[in-house]
Structure formats: C-alpha cells, structure tokens
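2 protein chains.
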Amino acid sequence: MKKMTLFVWMGLAGCLYAAESDRVEQWDFFELALKGPSSGNPFVGVEFSAVFENAGKRFEPEGFYDGDGIFRIRFMPDEQGIWRYKTRSNYPELDGKEGRFICTPPTAGNHGPVRVRQQYHFAYADGTPFFPFGTTLYEWPFQTEELKKQTLETLKQSPFNKARFLLIPPWKEHYVTSPEKLTEFPFVGTSRENWDFSRFNPGYFRNLEWCVRQFRDLGIEADLIIFHPYDDGKWGFDRMDAATNERYLRYVIARFAAYRNVWWCLANENSFMTHLTDADWDRLFQIVQERDPYGHLRSIHNADRIYDYCKPWVTHVSLQYYMAVRYLGISPMLRDMYQKPIVHDEINYEGNIARRWGNISGEEMVFRFWSAYIGGAYATHGDCYGTSEDPTWISIGGKMQGQSPPRIAFLRKIVESAGGLDPIDYAYETNIGGRAGQLYLIYFGREPIRQWTFRLPKKNLKEGMRFRAELIDTWNMTIEPIQEIFEVKPLDAYTFTDKNGRSVSLPGRPYMALRLQRVD
Amino acid sequence: MKKMTLFVWMGLAGCLYAAESDRVEQWDFFELALKGPSSGNPFVGVEFSAVFENAGKRFEPEGFYDGDGIFRIRFMPDEQGIWRYKTRSNYPELDGKEGRFICTPPTAGNHGPVRVRQQYHFAYADGTPFFPFGTTLYEWPFQTEELKKQTLETLKQSPFNKARFLLIPPWKEHYVTSPEKLTEFPFVGTSRENWDFSRFNPGYFRNLEWCVRQFRDLGIEADLIIFHPYDDGKWGFDRMDAATNERYLRYVIARFAAYRNVWWCLANENSFMTHLTDADWDRLFQIVQERDPYGHLRSIHNADRIYDYCKPWVTHVSLQYYMAVRYLGISPMLRDMYQKPIVHDEINYEGNIARRWGNISGEEMVFRFWSAYIGGAYATHGDCYGTSEDPTWISIGGKMQGQSPPRIAFLRKIVESAGGLDPIDYAYETNIGGRAGQLYLIYFGREPIRQWTFRLPKKNLKEGMRFRAELIDTWNMTIEPIQEIFEVKPLDAYTFTDKNGRSVSLPGRPYMALRLQRVD
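Quick mapping for you: the protein sequence lines, in order, are chains A and B.
In terms of numbering that gives the first Met the number 0, the first sequence is numbered consecutively and its last residue is 519.
In terms of numbering that gives the first Met the number 0, the second sequence is numbered consecutively and its last residue is 519.
Just chain A, with the same shape it has in the complex (with noise of 0.2 Å):
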C-alpha cells in the first residue's frame, strides 16, 4: 500500500487531481494536488482546505503550498470505505473540487496514530498498547545522506520506537561555515539578512517529511519538535513575530499532520525563549488543537518555568526534570498532578562530555528509566559520546557508544510482556510497579540487597493466591526463576506476606529486580 499512495502522491502534481479509483490504506493519507495561484505570494491569502467524508464522520484539513504553482492537501482517513471530497477556496481553481476515493485495510505494521490509553499510558489507534521508548536526535535531518542512513541502521537495531527532532536547525557555526553547511531553511533566504518570512522554502519541509517516513516505516513515532530556543537570534528562528509562528505553525501542520507517527513537541526548553509567555503557548497550542484534524498527541518541553500540563490541550507530560527520576516514588507523584502520561523526555544524557547533563554513566541512565517505569512514566534516552559542541547520537546521528542501549531494550521487553506497569500504593511503597494481584516488578535500584522479605501491597490480593517468581538482573540482562511458589496471607493494615514467612535471596549487586507473578 505504500507505493500505491506514493504513486498517488507522485501523480498528482501531474494529473492535478484524484481519481475516483485512488485507494489508501487506513491511516496512510490521500494525497490530492491541484494547480493554484502561483502569482504574488501564494504562502499569503489562500484559504485552501477540503471536507472528507465518510458516513457521517467529517474532517477537513487544510492544504498548502508547495511550490512551482502546486497546492496540496493531505488526508489520513482513519475508516475504512469510501471517502468523498470536496474543496474550498477563495480561488476558484482550488475551489469545489470533488472526489472519492476507497480506504482500504491497514497492511502489516500499520497500527495507526498513537492516543492516549487508560489516561496515564498510550494505544495505537487500533487498540495496540505503544509503550514509548524515546530517544534524541535533534539535528539528525540537518545532516548529510550518509549519516542520515547510517542513523537509521543504528535505529533498526535499537530498542526505541520514539525520537525527538527538531524541526528548524539550532544555530551553530558550523551549519554556517563548514563544508557541510546548510543550504536550505524553512524560509526562502540564505541569511539572517534576507529570510522572507512569508515564504517557506518546501523543498526543506521535503527532506523532514522524509524523516517522518524513515521513521514510520521503522515503526518510530517522530516526536517533532516545532520551536527551539537554540539560535540566540543570530537566524532569528527563535524570535519571529507572531504572525510568522502561527503561519509556519499551521504550514508544519498543514503538511505533516496526515503522518500516522507524528506527535507535536511545541517547543523544547520553552522558558528560554522569554519573549513568548505562557499566554502564547496557550494560543500555539489552540491553533494545533484546532487545525491539527487527527489529535495527534500534544505536549511542550519545559527548562525552568514549567508549562501548566494540566490545560485541557496538552496530551501527556513531556517533562525535562532530572530529580523526577532520580528517585523512585516521584512519577507517580506527577501522574497525581497531571492526570495525563508522563514522559520524561530528558533525564541527562549518557555519555562523556564536560557538560554535566551529558555525562552519566550507562547504570545511571538505565537506573533512571526503570525509575521511570515503575513508576508508571515513561523515558527518552539521549547518547552523548562526543565533545559538548559535537555530542554525537544526540546532536547529529550516526551510531550509539553508550552501553545503555541494550538494557533499555531488556526493560522494553519486560514491560511489554507485563503489559505496562503502574504504581502500587505507591504513597509508601516507591520501587514496586505493576498490575496489582497480578504481576509485581520490585527493584531495588543502587541498593545491593542480599534478602527481600515477601511482603506485598494488599490491594487486590486475597488470601491463598500464589505466585511465581524471577530474579532480573537489569544491568546483566538475565532473567533467573525462583523454583518456589509463594502463597499470600494478610500481614498488617496495608500488606499480605508469603503465609510461610519466606523471603527471597538476592545476590547482593545493584540493580536487580524481582518479578512477581500470579499463578493461579
């Protein structure tokens, strides 16, 4: 199905508008072209969206312009069955153009756009659990093919099914001077001196989209960053009016919302871009709300001041605060106070450079996801071998050195086949995470345990269920049975214990875990 939409998509520029006969798989788009006003400034005036229909659900997307006179627009139909069309314009070329076409099943790996689940965790649209494991990569699309390619082998064999990116380069001397320097920007100009922020360049938007893609067909949501604060004006990226940031929001929205894989990040570090205050953030993230047709999941990064996560718009929390996982107990603090998923989207960065968010060891990094998880939140990893003004995998791609990597696919493993976790009572008890009465994951972090006492939160157990038991080494990634079976009994107000009294031994190292599980 994938060629056939590209084909539908490569056509059309030539054909100027669809078939009757175009088919597109459920939740890949509808790709219709038409030739428009090319003449003034066609990025300024044109009204151009279409209505999509299929009975009784209506959507309408806006399209935009992609230059040499062509205007698109973009549909991910999320029903299967015919679509009908129709556009609007105040040009009449582009006005009241109709069609069809047919939407048929999602192929193999195509689960559709993720969604909130059961309010703190997320689900493809067809109901797949998505367990995020992110990972950063913010100027991987700035860079050359070749590194571009190599990233994505590294990705292929990597654990993470989420990457964050920016989607304007941060400034810096060598995307200006070197070899390698850029040649194309999100708007028609060279320099500072010339942007014409009125007209975006699309052949820059090109090459985005088609890291969006890489990353859909290797099953990776693209978590696109859309404002940075990483130009100190010197393109002045970080500080246009406005009028610009909501022009070339909804032109990012325009051509990237009808991407399956695509979440909105409004901004990284957003407190460091102090001419914007909050009340700009809120009505950016109104526009999103209201232009962006699908919902794809919304959320801003924070630096010092914190966005207010709660307002109605915000999807999930995409927090930058290292302490939140630093310690165990405290995502389920912040499920409490958000009442959304938590992502901690940067927890530092391992690696080896002088700066000090991007040097913890690869046990720290590891330490700081499971803290993460069993706490019912979610991680970004972040790889940071390199030197501070060239980190490598986090910056520019390529490949990974750290050794966390690994053990973050071995995590990726037990929570899928735990089908997530969530704290258990978790006021007190901050290292167990799981289903409780079902299955516990107990980690003991730093601490080198020797002995772990059977004792167990009381919610949902009862008298006389058992369970089995694993010992996890989560550095070594082994995963041991414990040949007995324990068998609860109530202890005390708020516990049950094995009714033998028994405990478990552990080999005294750091970071082991145990999983708990019910046998009957």
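Misleading hints may appear alongside valid ones.
The list makes no distinction among identical chains, and a pair is therefore deemed to hold if it is satisfied within one copy or across any two copies.
[To be verified] Keeping only pairs whose Cα atoms sit at most 27 Å apart, straight-line, the calculated BS3-like set for lysine-lysine is: (1) K412 <-> K458; (2) K339 <-> K412; (3) K171 <-> K458; (4) K310 <-> K339.
Just so you know, these hints were derived from the structure itself, not from any lab.
Given the coordinates of chain A, assemble chain B onto it according to the supplied hints.
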C-alpha cells in the same frame, strides 16, 4: 486596641449601629450590628452588604445573620484614616445605614494578613516576611474549654506560627455517644435526621471565631479547612448539595474574612469527596475569590487526585505528598511547576500509632522539614502519639510528645536569620539552599559525612569573595563556628571552590549542615 475593638464589637448588638467616634486599628476589624428581619428564615434571601470607602479605596464585604434578629457586618481596614460606609440590603431596616470610623495605626505584633511575597514566599501586609512553620490540630475547636486552653499553652511554647484545623468536626463515635459528645453543629439540628441545612447555628461559629482570635493573639495563622471528607455520610456534612455548600462557604467568609490571620483551605483531601469534581472546586474557589474582599491566601489540600494549583485563584500549594520531602530536590521542581509558594502541609506525622501515616521518627520529621526549606518550600508538622483512633495532638490538641518541635524551632531561627531560603542550582545540587553569593546552607541529611570539599554553584559568585563557615548539628541544635575563612575561585563551568583547595571536616554523624556567610 484590641479592647476598643472588642468593645465596639460587643456593644453593637445593643446600640444597633456604630457611632462616628469608633476607632479600629489597621487590620483589626470594625463591626456593625443592625436589627433586621427575624421572621421567616433570615439566613436565606436577605441580601446584606456594606460599601466601605477611604481615599478612593472601596470594599464591599457581605454581612451575616447572627441570630436573635441581629445582622452583622465586619470590615478589616487596610489603610489608616477615616473610612465611611453605607449598607445595602433588600430589606429596608438593613439598607442605607451610613457611618464612619477611624482606622488607627496597628499595635505591636499586628502586621496584617499574610500575602505571597516574591513568588515563592510569604509576607505580612506591612512587609514583614512570614516564614510558615505549621502544625496540625484538626479537631481542637471541638474539645473542652480546658483542653483548648492547654492546646494554646502548648502552642505558646512551640515554634509554630500556622495551624491547620477543620471548621466542621469529623464524624467520630465519641463525638456522638461519649459524655463530651458534641452539642453544637454548623446547622440547626441535633442529628442527621433533623438538620435544617438552610439555617446556621451562630453559637457554633462563635466558638470557631474564638479559636481564630486565640491564634491571632498568639501570632498564629489559622489555616481554616472549610470542607472535608471525614464524615462518611453519617452526619452528611461531607455530601451536602451545591446550594448548601455555597451558602455555607459564603457564611464562613462573611464571619471569618475580617480576621487578619485567616487562610482559606478549601478542603482537606478533597478528592475523597467523590461527589465533587474539579469543576465544583473551581466554582467554590471562585466564590472565595469574589466574596473575600481582602484576598486571604487560598489553597486546597489533596489526597490522590491533585487539584491544579496553577489555576489563578490558588495562591499557594498545600500539598500532601510525602515523597516530595523524603528526597532533596523535589520542592524546586514543584516551584517550577506551580510558580507559587509550596507548603508541604502533610508530610506524615511524628508518632507511634499503628497507621503508617502517623509513626515517623522525630529525626525523620526534622529531615523532612530541612528537605522542604532547603528546597525553598515550607512544611507543616504533626504529632501523633496516642492510638490510631485517637492520636492526640493532631486531632484534639493538648500536649505534644514528639522530639521534633525544638528542632523545628532551631530551623526556624536559621531560616529567619537567613531572610529565607531559595534553592540554588537546583537541577543538580539538591542539598544547597540560601541566597546565591551571600549565604549558603548545605544540608547533608542522613549521610554521616566526614569531609566536605568546599564547592559552591557559581551563581552570583566572584573570584575573591570570602566566606565564614559554621557547622550545624540539626538534631542536637548546635552551631559551631569554623575558624578558617574561605576565599573562592572558579573551578569549572558550574562551580567555585576554595582558592587553597580546602575542605571542611565534619563529625561523621547524620543530620549535619554547614552555613556559609559572606564576610566581604
């Protein structure tokens, strides 16, 4: 001045309304009493307020029916000079009454109501900083005269300058069946069978006002808990309908708002009142915001679901989350999240009861206090020696038995002499609070540390600044000067160190701290 006010207040029931010569000190209150309608139900349907004006300032507090045909209106002037008033009512006998009074300077110890200061802190209206050191006395107003007096005697000797208590008693067996059973309730009636929720019991509220006045005269802020879930439907005060809740709230505001030492706590463990949604709490907050002319501090105290303290009508955070003080470094995160003062109003209680929320050690209580204040937040104490059914101090008052209060007094002196603490470089250095460049408290918590290498976050430091040091034993309450003077120089991208590379020796006990103060 207290006498004068009391005279005006006591005398008015007789003389019907105040004479022009009345004098009231600033932030005390003027009270007007008028004979009004007593037939029908004077609690419902009588609109009664007064406009108070002075040099362009204008307040319009609501009055209340106090029984026996008397309506009262109270007004706390915030400026000295002549205030003129005129009543408004839908009843002629309460309408259009005019007069004036003179507001005189405040007497010693009267600093006015407490406000938010510098975003994360508090000050009295006269600018004097207020550093909350709270305690918990949920049910003390409902005890015998003798016990209440003992409670006040205990408070007089204590470090506590804020206390939390309930305006409605929790349902407990002995409040219904014991010889000291309760005889006065907020509403007319004696039991669930015969409450008249449309009629308040003025005598019940006079007792609560006595409690507030006693606190005021001891310099203690009265953190009034307006609603709570501790009734289980037995009296039904926890599940009154929306109209009753609103009427009760307005009555409370009309009676209590003129007391300068009042803080509003909308509810304790609000999410346990399962019939009230966050939208209901929004509405109740808005009523307080609209009806309290003085803008007393407003918060709500959580159980599991945490109300969004970012909402504009919340002045400060009143949090129950034990984990947030079990670790250093979480309070700064809460400041960044809420952008408001953080008060950890429940951090478990020092005690010996079987319930785990009431049996932490004195050491742990003191640790949690230090954890809060080092992070730029505040905390509230509780003493829970007794039985689970009747833990003494936190429920009924009387005497405290724990070991933490003198240590909290010791901390209070340190915080006050520092002029307050803020976190410094808090994303990485969690155990340092103070005022960057001037004063540092470095708290070692449970770590029995033997040596501290002189190292401070760079913020506000310049090469050559010199510091004297003191060794603080937070448990044994000693402060010991260290002879050397340290002089700083930059060390790396984040820190300064002593230019001679010196360290400070510590005794290898837990709960130690260092205080560094700039000498030039």
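Here is how each hint holds up against the structure:
{"no.": "1", "hint": "K412 <-> K458", "result": "within (25 Å within a copy, 43 Å between copies)"}
{"no.": "2", "hint": "K339 <-> K412", "result": "within (23 Å within a copy, 41 Å between copies)"}
{"no.": "3", "hint": "K171 <-> K458", "result": "between (53 Å within a copy, 26 Å between copies)"}
{"no.": "4", "hint": "K310 <-> K339", "result": "both (11 Å within a copy, 17 Å between copies)"}
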